[in-house]
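Novice: If you want the building blocks of each chain, they are given just below.
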Amino acid sequence: MSSVKLDRRQFLKMLGVGGAGTALAGCDLPTTITLEEGKEEVVSYLLPEEYVIPGVGVYFASTCTQCNAGCGIHGRVREGRVLKIEGNPDSPVNTGKTCMMGQAGVQTHFNPDRITAPMMRKSGRLQTVTWDEATAELNKHVGAQSNLNGGRFAWVTGSVSGHQSVLINELMAQLGSTNHYAHEVVNASVWSAVCQDMLGDAMPRLRIDKAGTILSLGADFLGTWISPVHFAREYAKFRSPAKRGVLVQVETKMTLTGGNADLWVPARAGTEGILALGIANFMVDRGWNKVEIPAAVRAELAEYKIEKVAELTGVAGSKIQRIASLLSERAPGLVLAGAPVESSEQGYASVSAAMLLNIIIGAVGTTIEPATRFSEKALQAKAGDTKSLLAFAKGLQEKRFDVVFISGANPVYTAPDALKLVDGFESVPFKVVFSQFPDETTQKADLVLPMYSAMEDWATHVPAYQTDGAVLSVQQPLMEPLYKDTKGFGDVVIALLKQRSKNYEQFPDYYAYLQTAMMNLPEAVTGPKPVKKEFWNGLLQKGLMVTKGDRATLSAKLSVPVFAHAAHHEGGHDDFMLVPSARMGMFDGRHANVPWIQEAPDQITKVVWDSWAELHPEAAAKLGVANGDLIRIASEHGSIETQVFIHKGIRPDVIGVPLGQGHEEYGRYAKGRGANPLKILNPVLEQKTGELAMYATKVKVSKTRKTVKLVKMGGSDTQAGRQFVLTVSADKLRRTEGEG
Amino acid sequence: MTPPIQDKMIDENLKWSRINEDVLRSMENPRRAYWITFAVCLAMFAVAIAAEIYQYRTGMGVAGLSNPHMWDMYIATFVFWIGMSHAGTLLSAILHIIHAQWRKPIYRFAEAMTTFSLMTAGFFPMIHLGRVWNFYWVLPYVSDRGIWPNFRSPLVWDAFAISTYLSASALFLFIGLIPDMAIARDHTRGWKRKLYGVLSLGWRGDDRQWRNFRKTYMIMACFLIPLAISVHSIVSSDFAMSLMPGWHVTTFPPYFVAGALYSGCAAIMTLFIALRYFFRFEEYMTLNIMEKTCKLTFAIAMVWSYLNLIEFAATWYGHNPYDKELLIDKATGPYAGLFWLMIFCGVIAPFGLCFEKLRRNMPAMLVMSVVLQLGMYVERWMIVAPTLSMAHNPHQWQTLWGPIVEWSIVFGSFGWFGLLFLVFVKLFPSVSMYEVKELTFHLKHEIEEEAHAAKHAQGEAHGHHGTQGGGGVPVMAPAAPRSGKEGS
Amino acid sequence: MSFKNVLENFSNFRKDAEHGGHHTYEHRWGMAVDLNLCIGCNACSTACYAENNLPVVGKERFAKNQAIHWMRIERYWDPKDEMYPEQGASFLPMMCQQCGAATCEPVCPVAATYHTPDGLNAQVYNRCIGSRYCNNNCPFRVRYFNFYSYYESAWPEPLQMQLNPDLSVRDKGVMEKCTFCVQRIRAGKDKAKMEDRKVLDGDVQTACQQVCPTGAIVFGDTLLPDSKVSQLWKAHQVKRGPFTQKTPKDDADIRGYRIFDELNVDPSVMYLERVRETEV
Amino acid sequence: MRFKIGCMNISSARNQSTQRAGSGLAFWRGWVALMAFAAFVTVSFSARAELPVPAHIKPPVGTHQGEKVPQPIEFPHNIHVKINKINCMYCHTYARRSNVAGIPPTSKCYGCHKVIATDKPRIVKLMEYWEKGESPRWKKVHDVPDFVHFSHQKHIKRFVFDADFPVEDVQQVCGLCHGELREMTVAEKKKPLNMGFCQRCHKANGGPGDCWKCHK
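Residue numbers (numbering that gives the first Met the number 0), protein chains in the order written: chain A, 0 to 739; chain B, 0 to 487; chain C, 0 to 279; chain D, 0 to 215.
If you're looking for bench data, these hints aren't it; they were derived computationally from the structure.
Because the structure is a prediction, the values reported are computed rather than measured.
There's no promise every hint is true.
Simulated crosslink set (DMTMM-like; lysine to aspartate or glutamate; CA at most 25 Å straight-line) [unchecked claim]: (1) A:LYS547 with A:GLU368; (2) D:LYS156 with C:GLU81; (3) C:LYS63 with A:ASP716; (4) A:LYS621 with C:ASP80; (5) C:LYS233 with A:GLU39; (6) D:LYS67 with D:ASP209; (7) A:LYS621 with C:GLU81; (8) D:LYS212 with C:ASP189; (9) A:LYS731 with C:ASP200; (10) D:LYS156 with C:ASP80; (11) A:LYS307 with C:GLU85; (12) C:LYS63 with B:GLU51; (13) D:LYS131 with D:GLU182; (14) B:LYS323 with C:ASP195; (15) C:LYS63 with B:ASP328; (16) D:LYS107 with A:GLU48; (17) D:LYS67 with A:ASP716; (18) D:LYS212 with C:ASP195; (19) B:LYS443 with B:GLU290; (20) D:LYS156 with C:ASP200; (21) D:LYS138 with C:ASP77.
Here chain C is said to cover these stretches of chain B; the calculated rule only asks that three of the stretch's residues, wherever they fall, bring their Cβ under 8 Å from a Cβ of chain C [said to hold, decoys possible]: (22) 50 to 61; (23) 123 to 130; (24) 140 to 154; (25) 239 to 246; (26) 392 to 401.
Each pair of labels, with its calculated beta carbon distance range [what the hints assert, rightly or not]: (27) A:LYS393 with D:GLU133: 50 to 56 Å; (28) D:GLY205 with B:VAL141: 20 to 26 Å; (29) B:ARG56 with A:TYR482: 32 to 38 Å; (30) A:LYS697 with B:TRP339: 48 to 54 Å; (31) C:THR23 with A:LYS670: 52 to 58 Å; (32) A:ALA620 with B:PHE37: 56 to 62 Å; (33) C:THR23 with B:THR398: 42 to 48 Å; (34) B:PHE277 with A:GLY623: 56 to 62 Å; (35) C:GLU261 with A:THR706: 37 to 43 Å; (36) A:GLY468 with D:GLY205: 18 to 24 Å; (37) B:VAL141 with A:THR706: 55 to 61 Å; (38) D:ARG136 with B:ALA45: 17 to 23 Å.
No residue lacks a Cβ here, since even glycine has one placed at the ideal position from N, Cα and C.
Next comes chain A alone, as it looks inside the complex:
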């Protein structure tokens, strides 16, 4: 109807300029005077979409990228601004719910510290340049004409999936490079490794909702482990009067999940596996095993007598028996193993022990179900780990890279100093960082490409942990880009690919590519497809596609892990085991630049806006420190300083420092706040998988003279006799309900 070329996202244009004003400015005037006319501006749409009505919120479906669980979300858009994130009820991952990180997505998007234009290192300093310059520079090094030897090209990403993964692999292939490092600090790689080896499936489905008893060895499944929101949904069923399951949490420092446990068991760091074997042995003795146990296995298990285990783990024998009996009485049981266990020195062994217990109590098949994988292999998730970081660091030290791409990762922040990653990284001739924020890695780059935020860009995500059916979740723009000089990740990669391969010339941008790619998905994958256009629109409306996928099969391999040495740690008066725990909110530190997250208190300690070192009252007494005293925590590879927080939810022989703070860059909210425990980690490796054993660093703690005010929410830590949170004994209820 017109000669005007319309931007495809025209309807996402912002209308009102002011947004919500300071409402109270107006009302101080006497009531006879009203607002002056002609102050605010109002703009109409050029061409209205009939469903976009000024003053009425419209919901667009998309996908949350705050962590890798891949929850579906709805963004509330009004006058072209995305205002709020809600969960997408259609997504089987989060069924209409989100976590606090998901909620904070809008502040990640509207963050005042976004990079708004490309930057290039000129005469040692990063300077703002135009995209033409940036692209020219990029092509000079990685373009078709460049004399780049693919083998000397490396790409560090976070967990990737969907079509980004496809494009990355494609470009790597075109360049002839195999150095793709997917790096995540918070991961479950050892868990998957064990699952792969013992069950034949890397990411089996865990039916928390079906379980009667959950024995969680440090798995913070309500906070940070694999797919927290989904697990929380199932946890609700697990707690429902119908089930009334029991949660036993074994860990050295209380996590959010530990805070919700019926029984919180602080076993010695690194001995959780032994505990599992102890329980297994006890159950087998009593004949509580649900599967047939070969004599050999029995024999091996027999070593783990209650007394010995109790002695090693520091958990009372009676307690071990109780847990065992719970697992059999309140079947079906489920045993999980999370970060503290996975990334300890003998993580693999410990997790295998847990898995063995799973098999013995017959969890496999009941509470552990075969996963549903997304049928299109290329789109499946490539989960990040720490092994890759080690490999990358090694490569850097051996000077194996001329060009390095970094996207969706911040290795300069996450890499322990011991890896010497920073120096190596600086010595790389050409470093390109795709980033939204001026983080540590960005500051070291030669070329910084400012990316769209997750709410401006297109993408597809395939969760690593699939639930009911295999999900492919679409991430679509919720509003037009805030800054004209930012670009989509896909767009840039496509541009690079075009130079090397004809196939991509048809695509003006990533959107076009994505649309075509999705429409060309075989019906085998998507199920019966309607007319293409409608398929696409339907997909965008729903925000995701739930396919039946292909079902894995579970095998159960009984084998008792061998513990090289009973790795446990005797706390001296000033040396501790460092627990660098991740938490819902800060996560691995990627959300430290979000004001809401900074102001949201830590779930257990309620400390805000800073790091802290958790100490047990005993330990604190030994050190002679009180809340707010600054202490120095030193490992062989450096030291950090932070304030003491004393509470009982931690073993006296460990010291807990949360991840997330201690950024040297990363914007006004994160910069120079708190300490980063990752920096001082010893380069201890998990023996089997070669992952970085994050929970195996011994540190010396010393007082400093300084004291600060510990800023936390809440006055009294007890209810002081108020009837606030009442607890009723499950037994009592069960008795009264006559459930036996």
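Dock chains B, C and D against the given chain A, drawing on the hints supplied.
Specialist: Chains B, C and D in isolation, oriented as in the chain A frame:
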């Protein structure tokens, strides 16, 4: 036989002209001490203004308030000043009605104090508002929006009570001043003469005027007393009407009134001594009067202490867990120091007033009066703060100490009060001349009557004091016949 | 309230105060929070920040207890914990309880906080003069005061674009508190009105309820007999109105209670006891 | 297109009407073209008749003299409303389905004016905007403070649709708060639109008296 001079309120042989001279002198050529005090007060006030401007621009946060501590020193100080304001009424109205003669030389400045401390107190509820510029929304005025204040709120009652009390006591002060204004008029020149001329409302001191004057004065007095009581009861209901432990106390109204009179008397003692020293008022503000004041103060102190204990007892036997918890925390928790300071200053210290030696030792009394006032201030703060620090929800427990902004405004209020008072003493007679004259006259009259009774000789007395009237002072014709009744 | 009303209804005011607000409610919004499901993950409080334009006050002011979080998760330890808190922590989502006989209402000098026909404690921001009496008289201490003006400091460009236009940004000197997401209630009611129908259960969701991963928060109209929330109140034998001593609930899964019920403030939020395996 | 909508029912409920309005364009065009000339002649000395007040409404009391606000294009309401008798809600179509009445999308202006009065300077200006693919940045004239929640759709429903008031006379209802726009070129504020004004009307017509109905 004539009683020994030191037992008398005042020397009855004081020439009336002398009285005029002395008092009027106090209103002239300020000395250095005066200017220094003036400068100090001005400085304090200036600081407060600065602080208030800063607070106005930045927000109440700078006053160190927090979620549990929505109120703090501002309210405490408010209550304190309201308390001060009760002394004047006590002296001038209550004692007037019960014919306590000794009040006459000292009630004037006490009344001034009443008015000025009210003028000071009035500021605090405003200062502590988050949006000062809308303070008038508390008053019921006809607005185009057709909305009214919430008549259930004690704060609204406050607004009414205070404004009424302020206007009433100011009026009372003025009425009491009229005859003296006339004297001043007759003894001054220039602009002052004009001023006093206006203020004396053409007082000629004739019979009719005196009659009306006394009626009015008496009526005002009667009107003022219930008002004074109600004002502080209402102030107390700011707390008593709430649900909070330590506030929701039935004995608060009398408790507050007692406290008010208490601090008021202490304040009178301070000013008494100051004026006596600066203005050489030894003959007027005699030790005997001081004695009486001290005794009165002691009596009130005991009443207050009693009510205080009553409150504790009520809490204890009432067995409301929150109240009990709070009481114990007051005595042992972070505020324990202040609590015991309050108990010492308010309950123990006044026993010093039992010793005549002390009562007649001005420096000692000065210290004493300050101590008592300190005690009363702390008491007010101990009512406001601890309750907020430690109310029902333990999650919101927090102790708080006011920051510099708050302090400076509180100090500034003393500066402001000082200014008003200093201006007053130089513009108006701080001792009521005509009543002192009455006093001396009656005193003399009694003594003579006793003498004559001895001699059975009549009629001299009249002739005698007929010649007394000097310096254009009206003879108090109607006073004489009633003198027999009036004798204290 | 016009002066006429005051004169006419003064007795009503007093009755209201005793019997808990209006006697003719259009709706009576209520909530049920199952502490057995609450995991204390902070999702609700963050959602509240997002929905209700809550300012981020920063570390220094947080240290002074000047933070504003309408929905806060209180965390308590059991004083009986010896070496370790073996029963875990206790989490309590605490927001304005929208009391039926709210203590904050009668003390506000300008009637900026009052009881709506929906059974909510309204807080009219631009009427508030900041006497802060209401919070002093609130046993739950769930009212928050704007000690500073946050518009510039809390929402630097372009963060202010996220602000929800459906409710105002409060300026300094104003009291604020949880409103049960009144803007959502308003939207829901308008929608129903435009469609000439009654407001149904589920039409209105509060932000915290919508986000809660475990579905611990249930919100609705307690006057609708079939609404989820009134079902829960019924099932757990919690009634509106003045405090009545409960018979020890020994006979079934009845876990309902209202915090500070004994103060007779008639809260609109019912909590459900958390169930733990205390024998282990 | 791609949406998953809270406000579906509103839009869908009202869609048909918009469609009709759209397809009615042809008719409007001819009609408007016919009237255009007469318009320019008569508008200057057209007698000023008071806008009648609908019987079922007790009008709000209060007057206000707002200044003339300079707009990017001096839009002549008088021509559109008085001469061409275009219904308010033809352009301000959101009024009946949203809180805000909304400024008509530029495409709507274009719809008529690509054939009508294309030579007039204002229209030329408009076309420039259209070609640039952007909308004029109008200045708000009738604005309520940010802390006030005002819903056009509810008022229209109450006073027009529910009252079976003839929609073609809707300007009489709009006029109660917006003044006689048929007499103005660009809109001027003729009513105070303050709390007293609203509140008096609410009293008179039995609108809600609850603070939270309007204050947010």
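Novice: Can the restraint linking LYS233 (chain C) and GLU39 (chain A) be considered satisfied, given a maximum Cα separation of 25 Å?
Specialist: violated, 50 Å
Novice: CA of LYS212 (chain D) to CA of ASP189 (chain C), is that 25 Å or under?
Specialist: holds, 10 Å
Novice: Given the hint that LYS67 (chain D) pairs with ASP716 (chain A), test it: the Cα-Cα distance must not exceed 25 Å.
Specialist: violated, 62 Å
Novice: Assess, step by step, whether the Cα of LYS107 (chain D) is no farther than 25 Å from the Cα of GLU48 (chain A), and give holds or violated.
Specialist: Measuring from Cα to Cα gives roughly 12 Å; hence the hint holds.
Novice: Does GLU368 (chain A) sit within 25 Å of LYS547 (chain A), going by the straight-line distance between their CA atoms?
Specialist: Distance ~15 Å between LYS547 (chain A) and GLU368 (chain A) Cα, so the pair holds.
Novice: Do ARG56 (chain B) and TYR482 (chain A) keep their Cβ atoms within the hinted range of 32 to 38 Å?
Specialist: The hinted range 32 to 38 Å holds for ARG56 (chain B) and TYR482 (chain A), with Cβ atoms some 34 Å apart.
Novice: If I claimed the Cβ atoms of GLY468 (chain A) and GLY205 (chain D) lie 18 to 24 Å apart, would that claim hold in this structure?
Specialist: The hinted range 18 to 24 Å is violated for GLY468 (chain A) and GLY205 (chain D), with Cβ atoms some 54 Å apart.
Novice: Holds or violated: the 52 to 58 Å window for the beta-carbon distance between THR23 (chain C) and LYS670 (chain A)?
Specialist: For LYS670 (chain A) against THR23 (chain C), whose Cβ atoms are near 56 Å apart, the range 52 to 58 Å holds.
Novice: Test coverage of the segment 239 to 246 of chain B by chain C using CB-CB distances below 8 Å; three residues minimum.
Specialist: holds (count 4)
Novice: Three residues minimum, CB to CB under 8 Å: does the segment 123 to 130 of chain B make the cut for coverage by chain C? Let me know.
Specialist: It holds: at least three residues are needed, and the segment 123 to 130 of chain B offers 5 whose Cβ sits within less than 8 Å of chain C.
Novice: Closer than 8 Å, Cβ to Cβ, for at least three residues: run that test on the segment 140 to 154 of chain B against chain C and report holds or violated.
Specialist: holds (count 10)
Novice: Would you say the C-beta atoms of GLY205 (chain D) and VAL141 (chain B) sit inside 20 to 26 Å of each other?
Specialist: Between GLY205 (chain D) and VAL141 (chain B), where Cβ atoms are some 23 Å apart, the hint holds.
Violated hints, in rising order: 2, 5, 6, 9, 10, 13, 14, 17, 21, 36 and 38; the structure is consistent with all others.
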